[in-house]
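FYI, the numbering for the sequence shown is -15 to 506, going by our numbering.
Among these hints, one or two may not hold up.
Simulated pairs of lysine-lysine, PhoX-like, Cα-Cα distance not exceeding 25 angstroms [what the hints assert, rightly or not]:
| id | residue 1 | residue 2 |
| --- | --- | --- |
| 1 | 183 | 70 |
| 2 | 100 | 234 |
| 3 | 230 | 319 |
| 4 | 138 | 378 |
| 5 | 230 | 383 |
| 6 | 87 | 24 |
| 7 | 327 | 230 |
| 8 | 234 | 91 |
| 9 | 175 | 138 |
| 10 | 100 | 110 |
| 11 | 426 | 249 |
| 12 | 230 | 282 |
| 13 | 278 | 319 |
| 14 | 230 | 267 |
| 15 | 118 | 70 |
| 16 | 60 | 47 |
| 17 | 282 | 267 |
| 18 | 100 | 290 |
| 19 | 234 | 200 |
| 20 | 234 | 319 |
| 21 | 383 | 290 |
| 22 | 91 | 24 |
| 23 | 69 | 87 |
| 24 | 346 | 330 |
| 25 | 47 | 183 |
| 26 | 60 | 118 |
Please keep in mind that the hints were generated in silico from the structure rather than gathered at the bench.
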Amino acid sequence: MKSSIIKSYVSEYHFYAIFNFSEPISKIILDRVTMAAPPKPTRIGLAGLAVMGQNLALNIAEKGFPVSVYNRSTSKVDETVERAKKEGDLPLYGFHDPESFVKSIQKPRVIIMLVKAGSPVDQTIKTLSAYLEKGDCIIDGGNEWYENTERREKAMAELGLLYLGMGVSGGEEGARNGISLTPGGSFEAFKSIEDILLKVAAQVPDSGPCVTYIGKGGSGNFVKMVHNGIEYGDMQLIAEAYDVLKSVGKLSNEELRSVFAEWNKGELLSFLIEITADIFGIKDDKGEGYLVDKVLDKTGMKGTGKWTVQQAADLSVAAPTIASSLDARFLSGLKEERVEAAKVFKAGGFWDILTGQVVDKKQLIDDVRQALYASKICSYAQGMNLIRAKSIQKGWDLKLRELARIWKGGCIIQSVFLGRIKKAYDRNPDLASLLVDPEFAKEIIERQSAWRRVVCLAISSGISTPGMSSSLAYFDTYRRGRLPANLVQAQRDYFGAHTYERVDVEGSFHTEWFKIARQCKN
C-alpha cells in the first residue's frame, strides 16, 4: 500500500496535522502546534522571543493589551504561550508563520522586533513587511547602531510604513516588570504605541513612567548606546572599589556584602550596587566558598561600549572614564597573557608590595565610597556631554533632564543619583557640565581628598584603578584654567607649521622654530 497524506485544516489560527499512512500506519506527525485564535485582532505584535522579547511580551499582555507573538524558532513561541497561561492566562497568542502573525494584529498594525542587531533586523523587516500595509508600524527594540535605524526609517517611509528605533534597558527583570524605554524616529509611530509604552515602562513615584519620545532619526538608539557606555563606566568603578577593598583592605566576601548593602542605603543607592551586594553573598553550589571567586576574570561585551567611545572620539568629547572601562574589558580578555606576565614579573623581582601592608579598614571603606561617588559624577558628566554634542550635530534637541528622569527606574543604571542629575538640568538646562553644577561641584570638593587618597593608595599598592584614576585626571584637567597644551601646540607648529593662537593677541601665528633654534645653537 502506497503512502498517502491527508491535511486537516482547522482554521487560520489553528493547527493542521499531517497524517502519513503506510504499512504499517505511521505515527501522527505534528506540523503546527495548536494555537488558540484571539477572539478579535490583537493590539500589538512582538517578533523575537529570546529573553528580552519573551518577557516584554508577557509584560504587555499583563497590562491588558492582547499581543501576538512570533519567532523563527517555533519552540520559543510555544514556550512563551505556555508561560502566559501559567502566569495568569494572559492575552498572548502565538503564531508559527509570519503571515498569520501579521494578519492577527489590528490595523494599523504595530509590531515590535527584538532580534539581534544588524542583518537579522533587516531579514526580519523583509519577512514581516511582505504582509504589512501602508500606515503599519515596525519598532526595533534592539541595541542597534543609530545610523542603521535612520537608513531603515527612510526605506520604510518609501513603502508607506512607519519606523521607530527604541532602546530597551532593564534586562530580563525589567522587561517583565517595568523597563526604561528610549523611542526615537517617527513621532507618528510613537503616538501609535504610546499608551502601551506608558504602561509597560517602570513607574517611578515622583517622576512617572520611564519612557519619553526622545527625538527624530536614530536618537533613541544613540541615547541607549550612551546609556550602555555609562553602564560600562559604572561597572568598572564598582569593580575597582571591590578590588581596593579586597586586595588592600583584605575584606572578606561577607564584609564586602555588608559594605555594599550599607552603601545602597545612601547616595550610592542603585541597581548595580544592590546586585553587587547580592553577588558577594552567594555561595558556590558546586564547591566550597563563594561563587564570585570562581567566576573567570574575563569580561564580555556586545559592542555598545565601543560605539560610545568611537562616537566620543568622532565628536571630540572627552570620555576617559568610559574609555578606560572599555580598555579594562579588552585587557581582561588577555587572560592567558596576563597569567604568563604575572610569572615574568614575579620572577623578575617584582615583589608583592601588598605584603605586610596595614590599613585602617573603616577609613578605607569610607574613602572608597567617596572616591566611587566622585568618579561616578565624572563618568555621567562625560556621557551627558556626548549626548548633548550629538544632539547639536544632528539637530535632535534632546532634553538631558528627561533622559535622567527616564533612567531613574527600570534600567541597569537606575539610581537615586539620576534624580540629582535631573535636578541639575532643571536648574540649568544649558549646564556646560555636571561638574560645574553648584551641588555636584560642592560634593566633589568635599570628596576630593578621599578620592586622591584612594588613587594614591591603589598606585602604591600596585592595584590598577583606571576608572577612578582617569576620572580624577578628567576632573583635574577640567578644573584648571591653564594646561600644558601650549607646549603641545608649539611642538605641532615646530614640526608641521600647524600655527598657534596667542593669549595676548588675536589671530593665528606661525614661528620658524627650527631656524631660530639653530641660530641660538650657533
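Discussion item. Run the distance test for residue 230 versus residue 282: straight-line Cα separation, threshold 25 angstroms.
Written reply: 18 angstroms, holds
Worksheet entry | Straight-line alpha-carbon gap residue 100 to residue 110, limit 25 angstroms | Holds: residue 100 and residue 110 sit about 15 angstroms apart, inside 25 angstroms.
Discussion item. Check whether the Cα positions of residue 234 and residue 319 lie no farther apart than 25 angstroms.
Written reply: 23 angstroms, holds
Worksheet entry | Agreement of residue 47 and residue 183 with the hint, judged by alpha carbon distance not exceeding 25 angstroms | 7 angstroms, holds
Worksheet entry | Given hint residue 87 paired with residue 69 - CA-CA distance at most 25 angstroms | This hinted pair holds, its Cα atoms lying about 22 angstroms apart.
Worksheet item: Given the hinted pair residue 282 and residue 267, is their alpha-carbon gap at most 25 angstroms?
Response: 20 angstroms, holds
Worksheet item: CA of residue 138 to CA of residue 378, is that 25 angstroms or under?
Response: Holds. Residue 138 to residue 378 sits at ~16 angstroms (cutoff 25 angstroms).
Discussion item. Between the alpha carbons of residue 327 and residue 230, is the straight-line distance 25 angstroms or under?
Written reply: It holds: about 22 angstroms lies between the C-alpha atoms, which stays within 25 angstroms.
Worksheet item: Does the alpha-carbon distance linking residue 60 and residue 118 stay inside the 25 angstroms limit?
Response: 29 angstroms, violated
Discussion item. Between the alpha carbons of residue 230 and residue 319, is the straight-line distance 25 angstroms or under?
Written reply: 20 angstroms, holds
Discussion item. For residue 100 and residue 290, compute the direct alpha-carbon distance and say whether it is at most 25 angstroms.
Written reply: 17 angstroms, holds
Worksheet item: Are the Cα positions of residue 118 and residue 70 separated by 25 angstroms at most?
Response: It is violated: about 36 angstroms lies between the C-alpha atoms, which goes past 25 angstroms.
The structure fails hints 2, 5, 8, 15, 19, 24, 26 (numbered hints given earlier, in ascending order).
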